[in-house]
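Could you put together the complete structure from these sequences and hints?
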Amino acid sequence: MSTDDESFHPLGQEWEDELETMLDDTEYDSDLGMEMAKDAMRVTKGELSEADFHEKYHEDVMDEFGVDDRPTEEAYEEAKKNAGGFAEMLKSFDGDGDESRRDVMKKMGVGAAAVGLGAWGTAEGGQPNVADESGGHSTEAHREGDTQWGMAIDLERCDGCLSCVRACAQENNLDQGVNWMYVLDYEDGGADTSQNRLVRPCQHCTDAPCEKVCPTTARHTRDKDGLVLTDYDVCIGCRYCQVACPYGVNYFQWDEPDVSTEEIAAEHDGEGDMMVDSRGRWVDSRSPRGTMSKCTMCPSRQDGFSGEDKIGTSACEDACPPDAIQFGNMRDENSDPQRYIENPSRGRALRDLGDKETTAPSLNAIEEDIADADADLASVLEASEDLDEETLRTMKAIEIVTEDFGEGDADSVDYEVHINDIFDLLEEHGLDLDSQEVLVELDLADEPDEGEEFEGADEGDAQDAIDDYDGRPSSSFKLLEDVGTNPNVVYFGNEPGPNAEQVEGPSAYADISYERADGSEPNLVDNRKEEILDEGTVGDAGVSL
Amino acid sequence: MSTKTPSKADILRPIGTFSKKYLAVYSVAALGLIAFLIAWAYQLQKGLIVTGLGDWGTGGGATWGLYIGAFIWWVGVAHGGIILSASVRLLGMDRYMPVARIAEMTTIGGLSAAGFYILVHMGRPDRMVTSVLGHFHITVNNSPLVWDVTVITAYFVLSATYLGLTIRYDVNRLRDDLPDKFEPIYKIITFGYSEKEDEIIQRMVWWLAAAVIIMAPLLLHGGVIPWLFSLLPAMPAWTGGIQGPMFLSIALMSAISGVMIISYTFRRVYNWEHIITDDIFRGLLLWLGFFTLLFLWFQLQSVLNGVFLGPLNTAHAAEGKMAHPAYQVAMTMIFLTLVYIFLQAIRPALFSKTRALIASCAILAGTLTEKILFVVEGFFHPTFDIYTATPGTYFPSLIEILSLVGTASLVALLFLNLAKLVPVVELHAIEHLTGGHDHEHGHEETTKTETEPEVKA
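Top to bottom, those sequences are chains A and B.
Heads up, the first sequence is in the working numbering, so the first residue is 13 and it goes up one at a time.
Heads up, the second sequence is in the working numbering, so the first residue is 66 and it goes up one at a time.
One or more hints might be untrue.
Stated by the list, open to error - Partial selection, computed: residues in chain B whose CB lies under 7 Å from chain A:
1) Gly124
2) Met187
3) Val441
What the hints assert, rightly or not - A short list of chain A residues far from chain B (calculated; beta carbon distances all over 10 Å):
4) Tyr69
5) Pro227
6) Val246
7) Arg293
8) Asp315
9) Ala395
10) Gly468
11) Asp538
To be verified - Across the chosen pairs, the derived CB separations fall in these ranges:
12) A:Lys490 with B:Gly199: 51 to 61 Å
13) B:Pro376 with A:Phe417: 45 to 55 Å
14) B:Gly257 with A:Thr33: 52 to 62 Å
FYI, nobody ran anything at the bench for these hints, they're computed from the structure.
Values in this document were obtained by computation on a predicted structure and should not be read as measured data.
Glycine included, C-beta positions come from ideal geometry on N, C-alpha and C.
Printed below as a string of structure tokens:
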């Protein structure tokens, strides 16, 4: 890296000049852009605070662009907590979201975007991440767009009931043994007695090997949301995708599928036929004969064909009794999976205490129970059967560690709303949950020393309370990450090692049946070759190589 | 036979004769091909479920099997054939000139069989043009399968051009002795021919040969074909740089064996002892031994890299491979052949054409077994080896096995047809044999007498 030039940027004068030329091409003020860029560098070096940076340029930006959506000082404090704080801030210049990123950058006139971000990476990672933009493992890694569907799966919550496998087979009218979703227990040697279970949908890799090797582009990543899909009208059935996938998630349609397209279409009389997506490509439901299929992450749902409320959900997620699967947008920090990833023990506790359909305390029951009780904590807890001290402590702790509690459009917000309703009920009853007395009693705040002011709830204590409630996951991982596939499924729980070998799980595939559009109700099949395919083999020798 | 002098009449003999034996062989080959075509039609009707294949992973099967194994085997035979022929022209190995055209025709036959396998293997062969060619400009940047189809097509064109150019010379000179019923074909072959072009054609053929030799390790069986497997990160049985040399050695072994078998047949049927001499078989057998040695050396390299201190996925794959009975049988067969080849090199009395033929068949069977096993082993020992159903089960179905008969018949038919159309031994070879009698002839004389009885036997 050059040090002897006058450049403020660590990548040197040449890079800087190039950016200036780029700015000159726009209708906006290059000098302002470069000036901002210079100061952005100072921010990275700690010579200038982010807040001061915003302050300094607010007026200029207003003059130049007529808009400055960058955070104000209050908003800044919040934005700071977000991982992509500066990037988010820059993104906020984008008015209508219709332009390409390059256009947006030009429009912003902010060389700071490129210069500053490059510098940011340099300062933080020791490597100029500008180079990463084009020099990554694959061109796919940097797909633009705000949406990347994916999952966070809590393996320690999965009870191995195979409801997800069943729901997937049902929703997609799959042949027996075509287990787009698959759940397995395994042994990994050693003395580890904790749960070893894996839930295996397609990983919808950002650098999908299956897509790279496809000789036809049938296997492709959908631009708008990163789903890795198969165009059944293009696929030639060479099966190279199945060969290249390290996870073994592909299932070929060796013969005519059991359920016809007419039957599938008839099952869906609303918008969409559960087969053709919003682009008019046939990518959903079971594949036709001679083509490849795999978990699709439900594009018909994501395209709104199953109703607004099904966008951002998958059949397996909906069906999971313990809520082990969080489906959502991996590029949205407020999505279910990202919230879960940010604080998995909060995700666990929230579901247990907020899902009124199953395990959460009932609002009506509490209301009845405490009707005659006094308004102090001890009386309320004593009167209520559903509410004990640990429950209430954890509920309050969740609120303390959660920003915008009860707001947003993630599925888990419903749980927060339920907890909020309980809080409202208790407040109405006269119990002030934010009072020093209650918070200290619940171990969520420290008693102030004499002469000092009460500082309110302690986030550390709150997190401890949450961790104690349902436990923290032993680890989090992405499957075979070192292969370089860049998967979009994040797991919590034990990662299977190289010696892991599947063992019998709590539920047998053969014991579970599923309904299909043709009215049939077959059982799930585990080993497709032995139970289904061998019957069609001409001259099955009954031996194997 | 030592008194016989090679002549034009010798190489024209297949064209001018028509025997019951020929008809019988032709019928058998045609039946073999038709039988497989019917089987393929059934497969098209029912789907690929008629094969023994399945989904690797939870499905308990192997995604690819005999079709792909035989595909790369035929491509190997083809590529080895053209390399053999190119070496003759480029390196001046005149000794093998009489079998150069047989090697070129083997290439055309092998590529036809391989191309046929691509179609047979696909779930939707009807989309070959729309889906593959339609997106070629995109997929050629990524997919090793597209690279594969590209180089195979390129080599088909290259080989056919090569063969076509050298045939022009012969057809023009032998035209009066060739049957009139094929006149239109000969007209096309010799279109615009003038004797002035001979020298230019020679140069063109030399450059084509140079291209073949240079590109063989990089773009043929030493590169693109093994990349179809070796570039995939999660199948340790396939991964690794050794696959390039390995595939190339197999290609050359298979091609030399194939050319020996076909040459043996032609020699026997048309009494070409003085053209395709024992000397040629001895020489080819030594080359076969050399490439077999290389092959076994590469095999050793590849398995040793897994079994000594892992890593685990490679170790599992290598152990699985070594423990497989079919692998052991194939390797033993190939090794014993190698032993024989070296023994007969030390003691020439051990040589006989029948033994050379047996050696060739053993090598072909061994390499075909190795190829099919190689394909299947990848699915049996993946890095993500967690599923109970992995390793799965696979055994070729009758239809898959019939495909071997079908493609072998296809290649046989190609030779049977070409033999009636053009000389399978080029005129240059005869000119060379009659003109330049001195090279290596003495050697031939001394060995011939000893081996003659065994040939009869």
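- Query: Okay, which hints does this one fail, numbers in order?
  - Reply: 5, 6, 11, 12
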